[in-house]
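The lines below spell out each chain.
Protein chains: 2
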Amino acid sequence: MSILVVGSVAFDTVETPFGKAERVLGGSASFFSVAASFFVPVNLVGVVGRDFGEKELAAFTGRHIDLAGLERMEGETFHWQGKYSYDLNARETICTDLNVFQFFKPRIPEKYRRSEHVFLGNIDPVLQLEVLDQVEKPRLVACDTMNFWIEGKREELKRTLRQVDILLINDSEARELSGEWNVVKAARAIRAMGPHTVVIKKGEHGVLMFTEDGSFAAPAYPLEEVFDPTGAGDTFAGGFLGYLASAKQPGDDVLRRAVVMGSALASFCVEAFSLDRLLRLTRPEIDERFRLFKRLTHFEPI
Amino acid sequence: MSILVVGSVAFDTVETPFGKAERVLGGSASFFSVAASFFVPVNLVGVVGRDFGEKELAAFTGRHIDLAGLERMEGETFHWQGKYSYDLNARETICTDLNVFQFFKPRIPEKYRRSEHVFLGNIDPVLQLEVLDQVEKPRLVACDTMNFWIEGKREELKRTLRQVDILLINDSEARELSGEWNVVKAARAIRAMGPHTVVIKKGEHGVLMFTEDGSFAAPAYPLEEVFDPTGAGDTFAGGFLGYLASAKQPGDDVLRRAVVMGSALASFCVEAFSLDRLLRLTRPEIDERFRLFKRLTHFEPI
Chain A
8 MSILVVGSVA FDTVETPFGK AERVLGGSAS FFSVAASFFV PVNLVGVVGR DFGEKELAAF
68 TGRHIDLAGL ERMEGETFHW QGKYSYDLNA RETICTDLNV FQFFKPRIPE KYRRSEHVFL
128 GNIDPVLQLE VLDQVEKPRL VACDTMNFWI EGKREELKRT LRQVDILLIN DSEARELSGE
188 WNVVKAARAI RAMGPHTVVI KKGEHGVLMF TEDGSFAAPA YPLEEVFDPT GAGDTFAGGF
248 LGYLASAKQP GDDVLRRAVV MGSALASFCV EAFSLDRLLR LTRPEIDERF RLFKRLTHFE
308 PI
Chain B
8 MSILVVGSVA FDTVETPFGK AERVLGGSAS FFSVAASFFV PVNLVGVVGR DFGEKELAAF
68 TGRHIDLAGL ERMEGETFHW QGKYSYDLNA RETICTDLNV FQFFKPRIPE KYRRSEHVFL
128 GNIDPVLQLE VLDQVEKPRL VACDTMNFWI EGKREELKRT LRQVDILLIN DSEARELSGE
188 WNVVKAARAI RAMGPHTVVI KKGEHGVLMF TEDGSFAAPA YPLEEVFDPT GAGDTFAGGF
248 LGYLASAKQP GDDVLRRAVV MGSALASFCV EAFSLDRLLR LTRPEIDERF RLFKRLTHFE
308 PI
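Respectively, the protein sequence lines represent chains A and B.
Residues 8 to 309 in my numbering are what the first sequence lists, from first letter to last.
Residues 8 to 309 in my numbering are what the second sequence lists, from first letter to last.
To be clear, the hints were calculated from the coordinates, so they are not data collected in a lab.
Treat the hints with care, as some may be off.
When chains are identical, the list treats them as one kind, so a pair holds in a single copy or across two.
Capping the alpha-carbon separation at 30 Å, the derived lysine-lysine pairs in DSSO-like fashion look like this [claimed, not checked]:
{"hint": "1", "residue 1": "Lys90", "residue 2": "Lys255"}
{"hint": "2", "residue 1": "Lys27", "residue 2": "Lys192"}
{"hint": "3", "residue 1": "Lys62", "residue 2": "Lys27"}
{"hint": "4", "residue 1": "Lys255", "residue 2": "Lys301"}
{"hint": "5", "residue 1": "Lys192", "residue 2": "Lys160"}
{"hint": "6", "residue 1": "Lys301", "residue 2": "Lys192"}
{"hint": "7", "residue 1": "Lys118", "residue 2": "Lys90"}
Just chain A, with the same shape it has in the complex (with noise of 0.2 Å):
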């Protein structure tokens, strides 16, 4: 029933119009296993420099997240910079930092290789190919890209897709990777390279899930005050299979609640920097929030 997360363990130094926050705590697999382990164990990989110290790692602590697998180096942490004008939507990165980043090289704990759900955060599809590598059979393997990726290690990238069953994506990436600028027809080039399910992020558009069974749409949740949207698409993932992975049996049923559910994370991370919100989290909140959804969203037949 867990989950094994590979990706990026960060600091994240954010302006929004909102606000600043300086060398605060991000990286997609830093959101992902916040938001999963509301739902199952987690394991994560990664890396982080003598920078990173017990403040940072308190957040995952009394939490169902496992961290022999998170490696710490000589040299700084993976530092990231952005900007966010009021179109919340779009971001300037200011700076990229790898330092201990750059010589990442994902060493699986022996106990983690029979993780059941594996999450392939985005970073080099080389390396996400290595992971799959030392993995046993994992039922369910999901996985994220960047445009950085889909322009520079094209081939790499399809490789590695041709052994994931579901791609999270954004819509530009989605247009990017497929040469499609319809998302349907995106979606569907996607499809034929491998994942069976293809779930494209929108932002404050929501999600659009493509399976074989047929399209789901959800929307963002409308929130009076989106405060900063940095791990937004992280923690999606982390809900998304962290319910997928609690779920006694697969299906478009469960599917489609695991986008709803990752849509309902993804609506608390960005009330606040950082994984603030997500640490004081509670289950109840997010229950609640996902009946919100239902309210929303809901319609009687003609």
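Chain A is fixed; fit chain B onto it per the hints.
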């Protein structure tokens, strides 16, 4: 049970990445009327020139569309020319020849004055108010507008809005009218101007409706071929208000289904140039697409 619609009847010349159509039937009142007439009789008030002939009129005949209010004036019909790039959500206006439309003074025929439902298409808010002065206590007044009036006739528009029940508006217009970037805040500010219901149209990203009972989100139907988005907003309005007018009792449930019905009609509109797809549409096709929307958005509670 009838709807009075006041708006433009026009010729459109449209270029998309998929083709070009010259001097084809367009205009807000045209799209609205054909869409709404699937549900209730429509009384159309507008103006055309001498160049608007039998061929164009044929679009309205054989439907429940009364043309006693369609004035014919010396001169040429309103002609709009626009161009879309691959991002069909954004368009460029090449040319707007108002022609006879610039002299349009809506005169509501006696037999239309007791219409229970009124749709004020996107025209000068001063004219919109003059329409309301000529009708007798309609049950429901819905209204569209655009950035041109928000910028140029803000106070006049606000006077009109005081008498409007439902404002249909796109997201950038909602932001401009309210001065709020966040759409939830924008909707609240607009509801304080008069309309109890605000429907925010987001093109390919669907619709958000804000009522006194809360909010409702509906996606746009994920189509593989979007051929020409011209008229989609007015077609949405026609399906929305047509369904509302046909319902026995108002209420939040009916409003939600009306949003989906509007979205269903709009999803057909964009499949072809002009009103081509709407004119060969059947009620069973509409109901089937409504069911597909249910399938697209449905998920079970946890």
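To see whether the hints hold, each was checked on the structure:
Taking identical chains as interchangeable, the C-alpha atoms of Lys90 and Lys255 are never at most 30 Å apart, the minima being 41 Å within one chain and 51 Å between chains. With identical chains, the CA atoms of Lys27 and Lys192 are at most 30 Å apart between copies only, with a shortest distance of 22 Å across copies and 39 Å within one. In this assembly of identical chains, the alpha carbons of Lys62 and Lys27 lie at most 30 Å apart only when taken from the same copy (19 Å versus 61 Å across copies). Taking CA atoms no more than 30 Å apart as the test, Lys255 paired with Lys301 passes in both settings, with 22 Å inside one copy and 25 Å between copies.
In the homo-oligomer, the alpha carbons of Lys192 and Lys160 lie at most 30 Å apart inside one protomer (22 Å), although the nearest pairing across protomers, at 42 Å, exceeds that limit. When the C-alpha separation of Lys301 and Lys192 is checked against a cutoff of 30 Å, the pair qualifies both within a copy, at 28 Å, and between copies, at 21 Å. Taking identical chains as interchangeable, the C-alpha atoms of Lys118 and Lys90 are never at most 30 Å apart, the minima being 39 Å within one chain and 59 Å between chains.
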